[in-house]
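For the record, the sequence lines run as chains R and S.
110 is the number that the working numbering gives to position 110 of the first sequence; each next residue is one higher, with no gaps.
11 is the number that the working numbering gives to position 11 of the second sequence; each next residue is one higher, with no gaps.
Hints were generated in silico from the structure; no laboratory data involved.
Hints are not guaranteed to be accurate.
To be verified - Derived coverage of chain S by chain R (criterion: at least 3 residues anywhere in the stretch with Cβ under 8 Å from a Cβ of chain R; other residues may be distant):
id, segment
1, 14-27
2, 65-73
Said to hold, decoys possible - Non-contacting residues of chain S with respect to chain R, defined by C-beta distances greater than 12 Å in every case (computed):
id, residue
3, 2
4, 48
5, 58
6, 79
7, 85
8, 143
9, 153
10, 180
11, 184
Bear in mind that the values here come from a model prediction, so they are computed numbers and not experimental data.
Glycine included, each C-beta is placed from N, C-alpha and C at the ideal position.
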Amino acid sequence: MKQGLGELEQTVLLAILRLGDDAYGVSIRREIAGCTGREIAPGSLYTTLDRLEQKGLVSAREGDPTPARGGRAKRFYALTRDGRSQLVDAQNSFRRLMDGLELLVDRSERRYV
Amino acid sequence: MSNFSLLEWLLARLSSRQRAAEVVGDCLEQGLTSNELWRVVSRLASALLVRRVIEIAFATASAVSVVLLYCLYVVPKWKLPHHESWAIWSVRLGAVALCLGINAGLTASHNGMRDRLTRISVFVWLTVTACTCVTWLPNAIFGIAAVFMVGTIILLWTRDTRNTFLCAIASTLALATTFAIFFLFSRLTLIPNTGRVGLANIGFSFAAYLSSLLVARITTSLVRPRLLNQ
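Given only the sequences and the hints, what does the whole structure look like? Please build it.
Below you can see the structure in the form of structure tokens.
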């Protein structure tokens, strides 16, 4: 049974995918801010990560504690097979919807539809 | 206890110990000051508290809808001359529908309506509730048995739906068992519902209800990863 993904959930999943083995709270927020120009509130990020974990779309593993974190371990996230499949489905849906619309602006030619 | 440890402790009351350590560790790594950390943790704690309140509200709304439907459609039929034969089944089904509704409400508020577990929980709840409302009809028990058999076969047919269905049943059973334990305890320590004792009884009922919700949530969080391979 297909499950829909919200916009923030997709954004977080994509950031985790981009970061590979280095996907944890701080790096995910930084990656999202860098790519989208959008600062995600920590509360929103952690509740989304919690929800994604509950749905089985991401898995978490504890890293080593570090002095910079007051002896607390990082929590690294990775997409599960189900998470990757859901993300691909969601992205394909967007692509099908956008086909033929030419909404993405080509700045050099300054074409708008 | 240092400020950061206190914040971690507070957050661990609402979330998990690992989540609390993760959040505080991330904030420390970003060099946030104590005040900024308090702000982050307060917002997160508020969001988690609001989620808990919404979960309780959803669960209660589901339970109330079952009770309302039962009172509107079934209770008036108790005056029928043949009521004894079906009334016992209607009460049992109503109790099952109540527990299923509470669990479905909890699941829906926690995972959203697009989640597979939510959809199956809601489907089972609505089916049992509908059956509860028609128990007064002649020979209804046979129709209800047929619906349950067909529904069970459909739900057990594929591995995914079977495991999801079992997950929903596990948390509902845990919820019902907690209710039953509190009910048995109240029978053993029966106090007439007068004056201030009435308030104590209300408090006891709330404690029973909230405990059942908590047990259902814990059961889901334990069973779901194992059954749904997550």
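Are all C-beta atoms of chain R more than 12 Å from that of residue 79 of chain S? holds, 43 Å
Does the claim that residue 143 of chain S lies off the interface hold, with its Cβ farther than 12 Å from every Cβ of chain R? holds, 27 Å
Has the segment 65-73 of chain S got at least three residues whose CB is nearer than 8 Å to a CB belonging to chain R? With 0 residues in contact (Cβ-Cβ under 8 Å with chain R), the coverage given for the segment 65-73 of chain S is violated.
With d taken as the least Cβ-Cβ distance between residue 58 of chain S and chain R, does d exceed 12 Å? holds, 15 Å
Determine whether the non-interface label on residue 153 of chain S survives the test: each CB of chain R must be over 12 Å from its CB. holds, 17 Å
Can we confirm that no CB of chain R comes within 12 Å of the CB of residue 2 of chain S? violated, 9 Å
Against chain R, does residue 180 of chain S hold up as non-interface, every C-beta pair farther apart than 12 Å? The claim stands: residue 180 of chain S keeps its Cβ more than 12 Å from every Cβ of chain R (closest is about 27 Å).
Chain R versus residue 184 of chain S - minimum CB to CB distance exceeding 12 Å, so not interface: At about 32 Å from chain R, residue 184 of chain S clears the 12 Å cut-off, so the statement holds.
Does residue 85 of chain S sit more than 12 Å from chain R, CB to CB? holds, 39 Å
For the segment 14-27 of chain S, do at least 3 residues have a Cβ located nearer than 8 Å to some Cβ of chain R? holds (count 10)
If I take the minimum Cβ distance from residue 48 of chain S to any residue of chain R, is it greater than 12 Å? Label violated. Min Cβ-Cβ 7 Å, cutoff 12 Å.
Checked against the numbered hints given earlier, this structure breaks hints 2, 3, 4; the rest are met.
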